[in-house]
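Please take these sequences and the hints and turn them into a complete structure.
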Amino acid sequence: MSDGHPHNGHGNVPSRQRRRFPGISSRAYEHPADRSALVALRKLSGFDTVFKALSGLLPERSLRLLFLSDSVRVSDRQFAHLNVMLRDACYILDLEKVPAMYVTQDPKPNAMCIGLDEPIIVVTTGLVELLDEEEMRAVVGHEVGHALSGHSVYRTVLLFLTSLAVRVAWIPLGNVAIMAIVTALREWFRKSELSADRAGLLVGQDVQASMRGLMKIAGGNHLHEMNVDAFLEQAEEYEAGGDLRDSVLKILNVLPRSHPFTTVRAAELKKWAASRDYQRIMDGHYPRRDEDKDTSVRDSFRESASSYATHVRGSKDPLMKLVNDIAGGAGDLGDRMRRGFGGFASSQPRPPKDEGGSGSSSEGPRGKSGDQGASDDRPPGGGA
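Residue numbers for the sequence shown follow this note's numbering, beginning at 1 and rising by one.
FYI, nobody ran anything at the bench for these hints, they're computed from the structure. The reader is advised that the hints may include incorrect statements.
Claimed, not checked - Quick list of in silico lysine-lysine cross-link-like pairs, PhoX-like style, CA-CA up to 20 Å:
no. : residue 1 : residue 2
1   : K108      : K271
2   : K191      : K270
3   : K270      : K216
4   : K191      : K97
Remember, predicted model here, so these are calculated numbers, not experimental data.
Okay, here's the thing in structure tokens:
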């Protein structure tokens, strides 16, 4: 429990009773896709040494000097309430070395954990002013989760490669090669954000505060105008709505992002909070850090593949349903393909075929299929 007593240098922790997780491995809360990548990278002999050797090439030193010179370092004398939250988060997740933390002037709510040798946490003034104490506690726990997992190393590399891609844009093949790596890193990093959200919940141990924080990041400080259930319904509508065209647009929208969309994060966190995995951690049953060296890369990849397969099977997204149909050899797949994109619209059920053979199924995407209901809901010109 977080009992207010100093531990490993983590003094001044709050009095509110929350469970502590001694020796917890980051594998306990990591998303399967995130975990498999990290396990594989940790197994590579000399991997950390090679990446840390890159610190001279990466802008890490420059960033440290920038935040030290032009931001406010959190301590007992500056932003003391954030310092208490930071030490408490490290105490709960048993992270012995407390990372340096800075507050930087920026009206946009944001936080990040970067660095190769020693991670540093940066939060913006916009975020500090937006969130209440318990919401902020979840965010600090989120960033400490990044530090415990070692995400800061790979995020720093991602920042460097993104910058490099801009510099070599005039070299066609060079830019393509770098952007392919950047795209893969972004996909991994989106999953790492889901992992860190879970770490934030383990620190705050208040799922409603985590939900409120995500809602505020999406819609500002207007809680009296927002509703958690309605916010989660947006995530369900986002996943299930539209047809194959919308599925493609979702992919194009998310590719350049390092974070999943906010409603998606909220839905994923709510699902994990209700899972047996979360309950087992809260009951004290979780992987330990001293067991990390014995983790199987093959088993981790198998868990990742199983997670993706489960997501595809349970997804309501039209493209994922198509993939599922192909894998399962659905009998009506050919008919749906003949009817075009509208044949995969999910907002309306497919009408029954005319027993008399009138040929109604061949009317195309503007016939009496579910496409009409899907397209009529959107204003002309693709308005918001």
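Do the hints match the structure? See the list:
1. K108 with K271: 28 Å, violated
2. K191 with K270: 15 Å, holds
3. K270 with K216: 16 Å, holds
4. K191 with K97: 25 Å, violated
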